[in-house]
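Undergrad: Protein chains in written order, with the working numbering: chain H, 1 to 806; chain Z, 1 to 284.
One should not assume that every hint holds.
Claimed, not checked - Simulated pairs of lysine-lysine, DSSO-like, Cα-Cα distance not exceeding 30 Å:
#	chain 1	residue 1	chain 2	residue 2
1	Z	266	H	474
2	H	474	Z	187
3	Z	42	H	471
4	Z	202	H	797
5	Z	42	H	68
6	H	721	Z	185
7	Z	187	H	797
8	H	468	Z	202
9	Z	185	H	471
What the hints assert, rightly or not - In silico contact screen, one side only, chain Z against chain H (beta carbon under 8 Å); selected entries:
#	residue
10	1
11	5
12	184
13	186
14	260
15	261
16	271
Said to hold, decoys possible - Not close to chain H: a few residues of chain Z, all C-beta gaps over 12 Å, as computed:
#	residue
17	8
18	19
19	23
20	29
21	65
22	69
23	82
24	96
25	208
26	240
27	247
28	250
29	258
30	275
Honestly, the hints are just simulated from the structure, not real lab data.
Here a beta-carbon is modelled for each residue, glycine too, at the ideal position from N, C-alpha and C.
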Amino acid sequence: MSATAESVQDRKAALKGLGTSRKRVEDARFTQGKGNYVDDIKLPGMLFGDFVRSQHAHARVKSIDTSKAMELPGVVAVLTAADLEPLNLHWMPTLAGDKQMVLADGKVLFQGQEVAFVVAEDRYIAADAVDLVKVDYEELPVLVDPFKAELSDAPILREDIKDETEGAHGARRHPNHIFTWEQGDQAATEAIMKEAPVVAEEMVYYHRTHPCPMETCGSVASMDKVNGKLTLWGTFQAPHVVRTVASLLSGIAEHNIRVVSPDIGGGFGNKVGVYPGYVCSIVASIVTGVPVKWVEDRMENLSATAFARDYHMNGKIAATEDGKILGLWCHTTADHGAFDACADPTKYPAGFMNICTGSYDIPTAYLAVDGIYTNKAPGGVAYRCSFRVTEAAYFIERMIEVLAIKLNMDAAELRAKNFIRKEQFPYQSALGWEYDSGDYHTAWNKALEAVDYKGLRAEQAQQVNDFKAGKTRKLMGIGLCHFTEIVGAGPVKNCDILGMGMFDSCEIRIHPTGSALARLGTISQGQGHATTFAQILATEIGISADEITIEEGDTDTAPYGLGTYGSRSTPVAGAATAMAGRKIRAKAQMIAAYLLEVHDNDIEWEVDRFVVKGAPERFKTMKEIAFASYNQAIPGVEPGLEAVSYYDPPNMTYPFGAYICVMDIDVDTGVSDVRKFYALDDCGTRINPMIIEGQVHGGLTEALAIAMGQEIAYDELGNVKTGTLMDFFIPTSWETPNYQTDFTETPSPHHPIGAKGVGESPNVGGVPAFSNAINDAFRAFGLTHTNMPHDHWRVWKTANDLGLHG
Amino acid sequence: MITGNFEYHQPSSLPEAVALLSKLGDDARVIAGGHSLIPSMKLRLAMPEHLIDLQGIGELKNIQISGGEVRIGAMTTQAELIASEALYKSAPIIRETALQIADPQVRYMGTIGGNVANGDPGNDMPALMQCLDANFVLQGPDGERVVKAREFYEAAYFTARDDLEILSEIRFSECSGGFAYGKQKRKIGDYATAAAAVLLTKDGNNCSHASIALTNLADTPLYCEEASAMLQNGGVNDENIAAAVTSAMAQIEPVDDNRGPAEFKKHAASIVLASAIRDAWARA
Ligand SMILES: Cc1cc2nc3c(=O)[nH]c(=O)nc-3n(C[C@H](O)[C@H](O)[C@H](O)COP(=O)(O)OP(=O)(O)OC[C@H]3O[C@@H](n4cnc5c(N)ncnc54)[C@H](O)[C@@H]3O)c2cc1C
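Looking at chain H on its own, in the form it has when it is part of the complex (with noise of 0.2 Å):
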């Protein structure tokens, strides 16, 4: 018995599957160097494009004389605005339901705005031709300050719909306006808020940033003018959604548009959007028949990329005075930039932002988002996260460290006062979701006891006291963090991007010889899914994981998919690939119980065999299984062992955390030091351990880099103030604190293996875990609230407006 016990536990291990440890199939080439980018690749002939920037935020372009540039020996074409038009490509759709220029049309709106495209013979030449374009330009009026927007005297950025009242998401009550975005009950809210014993109330900035992947973004296009098949490969998060856009674009037809993405150096968001340059590659690779190759330098992609967050998040809480939640309000003023460029599901323009009630039971709430146009750059796109998600946690985050100032109460026990219980799942939110499962309470008393809460709190008294007794310059702050996600967009009912519903695929092929492929509508940029969702595959079709290949990114492969952003290539692509290896199990069944001799029902799955009940020693394992669909003729079931499924998810799933931080702060020079950082995670069922670390430690450092100092900042003329690396902030290990990870595990119970997705959740609740841990150091001090980026001197400038320099 016990040796039958042992050898499934064997062949269960040699499947490498949900649980296991696996290292990364990826890192073999990426550590050797021999990944693929898009800058790798190279074609006959291919020719290089350029972009002549604008230096100003706002400006009227009066002339573009392309005339020296084109004397250049090696200069091919210049492109602006006027060779667009005739094709209709000198506008393009955002993914927000608005229209973005491609070259600037008649004015420019944020500096580095694209205003003309350089194709030469190489990249030094296309570099040195863009110097020589002479662009006339009248300086306008500029627009930074979002709460200005609206004044009598601002300027009209968007002259192009300055008399339209309606946009895609309804009513416009002025042109530098974009939308207004309500939920909840509004009138319950207020009501509250005007009744309610204890009502706290904050603005909230979470400053601009970008996501800043190590690659920055790039396209290959070659126009095949003979058979008229356009290839493009690029730096695309979503290469089904860019196939769909350029052919609808361009008019190619679909099936003659192949769109792959190659390997991605990081996409964090930054890739999902459509950019000027992706359309530029086209229009000049159909203008000259030759491979045009766009790759944007770093002072590019962090000036004129799709940017994060941006939302001034104005609340109030209101509580009784024991502590209960009784409503929240929040009004977001959302700076857009030049245009609406967000990449949310549509229905959405502020993303998830109504997952602002976050962990609490919340009965009554009220959301609204204003979107405002600014001379900036256009983006708003989820930073590592699910459509807005951060802002909505940072926001609550902090929210609830305000009402427990204003309560005298310490947040830890205010949280656990107000989380959704256990047995209230799913829950329904007063901002309008249905949250799937969770045990908050199981998982911060959890966290509580491993940093020795009560200890840190008693020790952080101790401090405050030998600050104020002159003993010590230093202060220490303990930032608390519970943390619930909305990922794995989504429902189709409710999820589209571009009309695109937001399901996802998987195709299977299973060889004769046992081996699988397995393709996906997803795209891997580092996340490790050529390893994970080998790993859910092997657990469903008993085919070690070492012996499944994943494929994803070409669209001429790969099955239709809505691509990989949100968290939600586990939840929902991971998904299919589950449903699809049932499928492949279902058919297998049928195939073993025909060379069994017995009935469909006499056997059942074991690990990597169909087993006949109550004979354990007659099986056949899927790899006979497979080599029979291949070369034997079973009656009434088709050769071959293949499978797709498109998977539409019946709702999102709701990872969630409890995070810790404990940080030593310099009063003087205000330089802080992360002494610990306890990071509890849950998103349900965990598929590869060692790649979940690997994921919270990447999350939590980028976490760290936006609390800490990372932001694009803009000076009063709309300059950008941060273009390069040297003032934004990317942590190296050195900056990097040591991380303590640990989990509890509640499955999702709609999703076909529990799994809810993790690659974000670090970075939606690090960043209040470190800016609480700031704001916390002063509470005792008279601090109610100071905003991110916390960098030097802004920690210096908050200990000296409390006075603690003397």
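With chain H's structure known, arrange chain Z with the ligand on it following the hints.
TA: For chain Z with the ligand alone, kept in the frame of chain H given last:
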């Protein structure tokens, strides 16, 4: 992020380099490690038509110590400064400073000559050289001349070096006693928010020698003569440290930038300097 066009020259001796520079004149720049020059060429802030690479000149790469004097060839890299045990014995503050410059990759390329000749107020070596009271040896068409580090810096990117001169060597006296280079920066690879070089020699309870210089707090490095004298004459105690810091702070003129407003930098500088003085004295 692509430089303009330029001609590349690689002379193999110093006289050859000097002659080339004289011949090509204003349109030429020498290039050492390239880690200040190339970034500014990529931004097309600098667009020299000729680059004269000093990498091929072996005689510019050395560290000699004799008779109480240290001589460092201009092309000695920051990594080589850090690695030299002899130099560490003669002037340990050099290693302490060099370790706070940029990151290891930059330090393998960046040279001491480039760092001091560059004239960027953010560079760390210039204040250090003023603190050490170093001399810079310049080779030009009219031969060699020596300029004191304390008289070399005129304004940001303006130095006493003539366009046709090449800095060949740096000389200073071996130093004994306490030392500290304190630097506040935002991250690895960042220039100073505020930095201070301090040398203090202890004689019984007295301070027989004091020298203080500051980095990135004005458009040139700042040698703090009065503050140095306060410590040297009055001794190193809380009261004199405070007075020296106050004196040094009267000299600085930091500007607002992404590292913070001037007001903050003044405060940070005073903390950085006071703690560098204490560290140096503790080691004296
Ligand atoms: C990411 C990064 C971070 C950095 N951080 C710091 C820092 O924290 N602190 C710091 O001090 N520096 C820093 N640097 C600059 C670095 O130390 C440079 O290497 C140094 O400033 C210049 O030395 P170089 O040899 O590279 O000179 P180059 O870049 O080759 O030359 C710099 C200038 O000096 C001139 N020059 C060079 N050598 C001579 C010579 N012998 N005679 C006459 N003129 C000469 C050149 O013509 C040029 O104008 C950083 C650089 C980078 C890229």
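Undergrad: Confirm or reject each hint.
TA: Here is how each hint holds up against the structure:
Straight-line distance between C-alpha atoms of residue 266 of chain Z and residue 474 of chain H comes to about 19 Å, which keeps the hinted pair within the 30 Å bound. Distance hint between residue 474 of chain H and residue 187 of chain Z is fulfilled; the C-alpha atoms sit about 20 Å from each other, no more than 30 Å. A C-alpha spacing of about 50 Å is found between residue 42 of chain Z and residue 471 of chain H, which places the hinted pair above 30 Å, so the restraint is violated. Annotation: proposed proximity of residue 202 of chain Z to residue 797 of chain H is violated, straight-line Cα distance about 37 Å (limit 30 Å).
Between residue 42 of chain Z and residue 68 of chain H the alpha-carbon distance is near 22 Å, which keeps this suggested pair within the 30 Å criterion. A C-alpha spacing of about 18 Å is found between residue 721 of chain H and residue 185 of chain Z, which places the hinted pair at or below 30 Å, so the restraint holds. The hinted pair formed by residue 187 of chain Z and residue 797 of chain H meets the criterion: a straight-line CA distance of about 19 Å does not exceed 30 Å. Restraint check for residue 468 of chain H and residue 202 of chain Z: the C-alpha separation of about 35 Å exceeds 30 Å, so the hint is violated.
About 25 Å separates the Cα atoms of residue 185 of chain Z and residue 471 of chain H, which keeps this hinted pair within 30 Å; it holds. Interface restraint check: residue 1 of chain Z against chain H, minimum CB-CB distance 4 Å, threshold 8 Å, status holds. Interface hint at residue 5 of chain Z: satisfied, since its Cβ lies 7 Å from the closest Cβ of chain H, which is below the 8 Å cut-off. Here the hint on residue 184 of chain Z is kept, as its CB sits about 6 Å from the closest CB of chain H, short of 8 Å.
Annotation: interface hint on residue 186 of chain Z holds; nearest CB of chain H at approximately 6 Å, less than 8 Å. For residue 260 of chain Z, the suggested interface contact is upheld, since its CB lies about 3 Å from the closest CB of chain H, less than 8 Å. At a threshold of 8 Å, the smallest CB-CB gap from residue 261 of chain Z to chain H is about 7 Å, leaving the interface hint in force. At about 5 Å, the closest approach between the beta carbon of residue 271 of chain Z and any beta carbon in chain H falls short of 8 Å, and the interface hint on this residue holds.
For residue 8 of chain Z, the shortest C-beta to C-beta distance to chain H comes to about 14 Å, beyond the 12 Å cut-off, and the non-interface label holds. Here residue 19 of chain Z stays apart from chain H, with its beta-carbon at least about 30 Å from theirs, past the 12 Å limit. The non-interface label for residue 23 of chain Z is consistent with chain H: the shortest C-beta to C-beta separation is roughly 26 Å, beyond 12 Å. No beta-carbon of chain H is positioned within 12 Å of the beta-carbon of residue 29 of chain Z; the least distance is around 19 Å.
Listed as outside the interface, residue 65 of chain Z is consistent with that label: its C-beta sits roughly 32 Å from the nearest C-beta of chain H, beyond the 12 Å cut-off. Non-interface call for residue 69 of chain Z relative to chain H: holds, since the shortest CB-CB distance, roughly 36 Å, exceeds 12 Å. At the 12 Å boundary, the C-beta of residue 82 of chain Z stays outside the reach of chain H, the nearest C-beta of that chain being 16 Å off. For residue 96 of chain Z, the condition that its CB be more than 12 Å from all CB atoms of chain H holds, with the nearest at approximately 17 Å.
With a closest Cβ-Cβ approach of about 30 Å to chain H, residue 208 of chain Z is found to remain outside the 12 Å limit, as its non-interface label requires. No Cβ of chain H approaches the Cβ of residue 240 of chain Z within 12 Å, the least distance being about 20 Å, so the stated non-interface status holds. For residue 247 of chain Z, the shortest C-beta to C-beta distance to chain H comes to about 19 Å, beyond the 12 Å cut-off, and the non-interface label holds. Here residue 250 of chain Z stays apart from chain H, with its beta-carbon at least about 19 Å from theirs, past the 12 Å limit.
Chain H draws residue 258 of chain Z into its interface by the beta-carbon criterion, the shortest separation being 5 Å against a cut-off of 12 Å. Annotated as non-interface, residue 275 of chain Z brings its C-beta within 12 Å of a C-beta of chain H; the closest such distance is 9 Å.
Against the hints set out earlier in the document, violations occur for numbers 3, 4, 8, 29, 30.
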